[in-house]
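Trainee: Each chain, letter by letter, is given below.
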Amino acid sequence: EAGVAQSPRYKIIEKRQSVAFWCNPISGHATLYWYQQILGQGPKLLIQFQNNGVVDDSQLPKDRFSAERLKGVDSTLKIQPAKLEDSAVYLCASSLRHEEAPEAFFGQGTRLTVV
Amino acid sequence: GENVEQHPSTLSVQEGDSAVIKCTYSDSASNYFPWYKQELGKRPQLIIDIRSNVGEKKDQRIAVTLNKTAKHFSLHITETQPEDSAVYFCAASPTDSSYKLIFGSGTRLLVRP
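Protein chains in written order, with the numbering used here: chain A, 235 to 349; chain B, 1141 to 1253.
What the hints contain is simulated information worked out from the structure, not anything from laboratory work.
Just so you know, not all the hints are guaranteed correct.
[Claimed, not checked] 27 Å max Cα-Cα, derived DSSO-like pairs, lysine-lysine: (1) B/K1182 <-> A/K249; (2) A/K278 <-> B/K1211; (3) A/K245 <-> B/K1182; (4) A/K312 <-> B/K1182; (5) A/K317 <-> B/K1182; (6) B/K1162 <-> A/K278; (7) A/K245 <-> A/K278; (8) A/K312 <-> A/K278; (9) A/K278 <-> B/K1182; (10) A/K278 <-> B/K1208.
From just these sequences and the hints, can you work out the full model?
Mentor: Okay, here's the thing in structure tokens:
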């Protein structure tokens, strides 16, 4: 079974520039999550999609972060403009999200460095 | 909202010894508690999980216990091996059926050969 795919693996940008990350979830997984993992911390949920609708974006800094999931499959997360404190690993995860299979499967992540 | 605290932040044990990592959660209605292992530069991977209707679950050398009254759950690794060295994260899932995960801050486990 193919896992969650993310690209790019690494990205270095200057502050105030924009950047976009891409995620392809496991086939058939309706739920997609974007997490931010700052070095030395646990992942923090940024946004959750169910199909192409947003379920939870309460922790997404909406003045600079945006995300979309067109057609309910792939998703992109964008940061514009980036700040130094956005340096982190951005993890995408997907799940079937139901009582019998709540497990979230993570992608390899995109390591963002803002200089 | 849910808040998860995890202790200790680092843990060093001798190969063959046991390791215990503890987490507490704030939302008494949370009902799903997974544990993830993250090796350096790799993705978090689920190693074991427990539902709120169960007090203990075992899978070979790893076990998880849940105390709903005290709102804490623990990961137990027996007969530790060097390949168990990694960062371990606990998480809790609120009962709003979204199954979003609120993570603890992680425990770096080092198993000394």
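Trainee: Decide, hint by hint, whether the structure agrees.
Mentor: Hints, verified against the model:
1. For the suggested pair B/K1182 and A/K249, the alpha carbons sit about 26 Å apart, so the restraint of at most 27 Å is met.
2. For the proposed pair A/K278 and B/K1211, the alpha carbon gap of about 21 Å is at most 27 Å, so the pair holds.
3. Distance check on the hinted pair: A/K245 and B/K1182 sit about 16 Å apart at the alpha-carbon level, within 27 Å; holds.
4. Between A/K312 and B/K1182, the direct Cα distance comes to roughly 22 Å. Compliance with the 27 Å bound is thereby established for this hinted pair.
5. With a CA separation close to 25 Å, the supplied pair A/K317 and B/K1182 stays within the 27 Å bound.
6. Our distance criterion of 27 Å between C-alpha atoms is met by B/K1162 and A/K278, whose separation comes to about 19 Å.
7. The hinted pair formed by A/K245 and A/K278 meets the criterion: a straight-line CA distance of about 20 Å does not exceed 27 Å.
8. Note on A/K312 and A/K278: the hinted pairing holds, with a Cα-Cα distance of about 16 Å set against a maximum of 27 Å.
9. Straight-line distance between C-alpha atoms of A/K278 and B/K1182 comes to about 17 Å, which keeps the hinted pair within the 27 Å bound.
10. In summary, the hint linking A/K278 to B/K1208 is supported, as the alpha carbons are separated by about 24 Å, within the 27 Å threshold.
Every hint from the earlier list agrees with this structure, and none is contradicted.
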